[in-house]
Amino acid sequence: MSERASIVDVQQVEKRFEGAGATTVALQGINLTIGSREFVSLIGPSGCGKSTLLRLVADLTAPSAGQITINGKTAPRARMDRDYGMVFQAPVLFDWRTIDENVQLPLEVMGVPRAARRKRSVEMLSLVELSEFSRHHPWQLSGGMQQRAAIARALAFEPKLLLMDEPFGALDEMTRERMNDELLRIWERTGTTVVFVTHSIPEAVFLSSSVVVMSARPGRITHTIEIDLPRPRTDATRETEQYFSLITQVREALRAGQGPIAPEAAL
Amino acid sequence: MTDRLRQYLPAIAVFVGGIVMWELVVRGLSIQRFLLPPPTDIAATLIEQWPRLSQAGINTLIEAIGGFAIGLAAGVVVALATVRFAFARGALMPFAIAANAVPIVAFAPIMNNWFGVTSPVSKMMIVAVLVFFPVMINTVRGLLSAEPAALEMMRSYAASEVQTFRKVRVPAALPFFFTALKVGATLSLIGAIVGEYFGGSNLVLGRVIVESASFLRFSEAWAAIVIVSAMGIGFYLVILGIERLVMPWHASVRSTAP
Ligand SMILES: Nc1ncnc2c1ncn2[C@@H]1O[C@H](COP(=O)(O)OP(=O)(O)O)[C@@H](O)[C@H]1O
Ligand SMILES: [Mg+2]
Numbered sequence: 011m012s013e014r015a016s017i018v019d020v021q022q023v024e025k026r027f028e029g030a031g032a033t034t035v036a037l038q039g040i041n042l043t044i045g046s047r048e049f050v051s052l053i054g055p056s057g058c059g060k061s062t063l064l065r066l067v068a069d070l071t072a073p074s075a076g077q078i079t080i081n082g083k084t085a086p087r088a089r090m091d092r093d094y095g096m097v098f099q100a101p102v103l104f105d106w107r108t109i110d111e112n113v114q115l116p117l118e119v120m121g122v123p124r125a126a127r128r129k130r131s132v133e134m135l136s137l138v139e140l141s142e143f144s145r146h147h148p149w150q151l152s153g154g155m156q157q158r159a160a161i162a163r164a165l166a167f168e169p170k171l172l173l174m175d176e177p178f179g180a181l182d183e184m185t186r187e188r189m190n191d192e193l194l195r196i197w198e199r200t201g202t203t204v205v206f207v208t209h210s211i212p213e214a215v216f217l218s219s220s221v222v223v224m225s226a227r228p229g230r231i232t233h234t235i236e237i238d239l240p241r242p243r244t245d246a247t248r249e250t251e252q253y254f255s256l257i258t259q260v261r262e263a264l265r266a267g268q269g270p271i272a273p274e275a276a277l
Numbered sequence: 293m294t295d296r297l298r299q300y301l302p303a304i305a306v307f308v309g310g311i312v313m314w315e316l317v318v319r320g321l322s323i324q325r326f327l328l329p330p331p332t333d334i335a336a337t338l339i340e341q342w343p344r345l346s347q348a349g350i351n352t353l354i355e356a357i358g359g360f361a362i363g364l365a366a367g368v369v370v371a372l373a374t375v376r377f378a379f380a381r382g383a384l385m386p387f388a389i390a391a392n393a394v395p396i397v398a399f400a401p402i403m404n405n406w407f408g409v410t411s412p413v414s415k416m417m418i419v420a421v422l423v424f425f426p427v428m429i430n431t432v433r434g435l436l437s438a439e440p441a442a443l444e445m446m447r448s449y450a451a452s453e454v455q456t457f458r459k460v461r462v463p464a465a466l467p468f469f470f471t472a473l474k475v476g477a478t479l480s481l482i483g484a485i486v487g488e489y490f491g492g493s494n495l496v497l498g499r500v501i502v503e504s505a506s507f508l509r510f511s512e513a514w515a516a517i518v519i520v521s522a523m524g525i526g527f528y529l530v531i532l533g534i535e536r537l538v539m540p541w542h543a544s545v546r547s548t549a550p
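Protein chains in written order, with my numbering: chain R, 11 to 277; chain C, 293 to 550.
With the rest of the complex left out, here is chain C (with noise of 0.2 Å):
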């Protein structure tokens, strides 16, 4: 434990520096607070706006989660479709690769305008349609990433299809599959963000970094983004935390660095 705290120190140092530093040069310039506000006012204000900023975060959080399980699942249920039949893979791949490389978040309004502005349900689509492209494409690329050899031994085995692909197949398939999930982690709040700018329910982090800064409340925008960020943090840290879990075998688990 001691030798974890060690690990982590020079990190720790580097937060508490930074803010400590943002504090001073803010002060000691008296940078106007419109522009940047000292860590120690945005702190207040998150403490004293505490129960409407958590309830916008439990709001957004709803949607990046939501739109999460459905881009996954979705993503899940195409990739092995993909896999399964290679007609599909030839005709969806390079469809998916193309639409991966296109900013999704450009369709914000038009799922506004789909599923309803002050609904949760377009703030989930375009989540869902972010998050569904590298999960899709990672975990077509895992299934398909087996070692000839290893399909080769399991094929002397006299092993059945069903069983190379419980047995190979997913295994090597997990670690492009986290990868995916991580990405996802990060793309699902900034999805549900950048869709609630261009409007939703009046009680979403979104509006009130929108809302707050239009009316020159700096601090409260501020310490709605601080939220967003540890809920971003977090949430790529909760898919960390299942990673080590499922598989503590791999070369990034097993090494310290994550």
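Looking at chain R on its own, in the form it has when it is part of the complex (with noise of 0.2 Å):
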């Protein structure tokens, strides 16, 4: 996928889970390289395994086969090291901590010194463009607030690498779409590598250097498509044929899934 240095390197991974009886097979043959820099979605069929192969990168889940080295180390080494930093669905924010003390909880948990962490919360949260509202509580922000505080802290202590699981599935077509925006501009600014899991082909597109499509049953991936649309991309973007043509042949190969896979050519 990219000549420079690999930042996530999945080969040859199978997750199973052994239930009463039966035994799912969540992943299979799974080969993903990342370079860095790359901002690679995750798309497919809900349970086609999304989660839990970003789960298997972040050391929350071992694998049942197969080899994981993020930046060159075994999985739960670069857990340890604070390799990645990861958002979740729902922002998972503690009600009891003001956004900025939420924000500088892993920064808490490294040791890192309070003048530190609070000079290190204020430039996150201006970078989500939070900073009227990091004396705030949790509840007094909206769902799109809540998620770009989940990004700030995810960003707070500098992670090479952001795993990012649907965090924007909950919001609606507008927010989300202010949302994408965002994350590019933070991308950009930040030079982090980034794993992200959607549902949303547009978004997929919008967002991506490439798109790995998977299918379920077992979850395997099928398709990665390049996704060389100029940046920055903009509201403009939104309108090229490019990007209409990309989101077709993503969707055809979502459809294609479960069939036999035709090489498509790349673009």
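For the record, the hints were derived by calculation from the structure and aren't laboratory data.
Remember, it's a predicted structure, so these values are computed and weren't measured experimentally.
All clues given are correct.
Label pairs and their computed distance ranges (CB to CB):
(1) P386(C) to P123(R): 39 to 49 Å
(2) R124(R) to L301(C): 43 to 53 Å
(3) A335(C) to S141(R): 55 to 65 Å
(4) I257(R) to E439(C): 30 to 40 Å
(5) V369(C) to N41(R): 44 to 54 Å
(6) E439(C) to G82(R): 29 to 39 Å
(7) P55(R) to A378(C): 29 to 39 Å
(8) A15(R) to P386(C): 50 to 60 Å
(9) E198(R) to P386(C): 50 to 60 Å
(10) E118(R) to T478(C): 30 to 40 Å
(11) R124(R) to I534(C): 24 to 34 Å
(12) R87(R) to T478(C): 47 to 57 Å
From the derived model, a few chain R residues whose C-beta atoms are all more than 10 Å from chain C:
(13) G29
(14) T232
(15) E236
(16) R248
(17) E262
(18) A266
Backbone N, C-alpha and C define an ideal beta-carbon position, used for all residues, glycine too.
Combine both chains into one complex, guided by the hints.
Have a look at this one:
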């Protein structure tokens, strides 16, 4: 996917869940290499193992077979070294902390001194345009603002890798598009690598440098589609011929997911 | 402040109205005093007997608060052990939940036997047992109530168990804990009074109620009941105040209704 140094390298990974009697093969034969500063989206039907793949990379669960390498280390080592930041579908902000204190949480865990923590939180909150709300509590913010706070928190310790599991899934279309614009702006400014799980084809195409299409039962990667839309991407991008043709391409790949795979010609 | 006053005005009106109704009904229907004395009689007795009644109130309150403190400390310690050691949870929780459903005041005479009828320790013990179970059960539930997503997030930060405990589990447990404290505050006075009904030193409210009732000094019994009630409400309000100080972020504190 990239000749630059690989940040995420997944080789022949399989994940089974042993249930009562039945065994679910959530993922099978997964190979995925993500280079530095890429923005990769995972898209596929519900239950195809997108979250599981992200959780494997994050070492929140262990693979049944195969190898996962993050920054040249094992996934557990990378987690202990805080190499990645994670944004979940729900913002998971603590009501007993202000927005500022929520953003400082990972820094507190990492033992960063108070003054440095404060400074960092101010920077991050300004990056996600929540400066005026730093002293508010989570319940005083809208869903979109809460999710922005969660992104600020994940970025607070400058992880090289940002893992996002349907972070905007609960937002309305308008808010989601605004969040997408902001996420790209942040991504361009911070130079992180992003792995982004989504249900939305337009969102995946708009954001990504490549879209990884998955199919269910067992979860596999069926297509990888390079998105060579010029950057910076703006509202105008959403109206170009190329954007629509890429959306069609991803949609057809999703539809073909279960059948035999016809290799797509790169655009 | 005037907003506050307006908010409480209906409750104050009902309270004053109720007292006035009581007075009027008792006098109007000339209900016999030993059935129900009018509030003015009770108030007169309260003033007249104040030195003795207030000393009895203090003695009862010491039993209630002492027992509350013992039950609270024991409940928290056992809860921490229960959460820390999974096997303790399996072994203890079913018994704790069953014991919590038992009317523990029934053991009051036995506690009096064990720790001495006139000793305040016997009353503290019954209060401690009453307070222990709700505190222990709610603290365990609270400490285990943290969202899985929150725990997973702490894991993604490579947080230590101690950090996760202090930054996630304890704050998540506080609402449960304060619910138990409010229940415990009420239980502690019930426990002390009922313990005293079965015998105790002469200068405690439970004895005052039993003895004045048996000598037909009903307005004295009622005056003692007024003091117990005031202490119960006061204790509850103190806990409520601490709750608001400790967790101003909580929904039950955020909204206007307590
Ligand atoms: N902890 C688990 N235990 C058992 N089965 C699971 C678990 N997590 C996920 N699965 C199963 O693995 C499959 C993939 O789930 P998931 O990764 O959540 O899919 P997606 O995020 O793409 O919707 C599903 O069939 C799901 O039921
Ligand atoms: Mg999912």
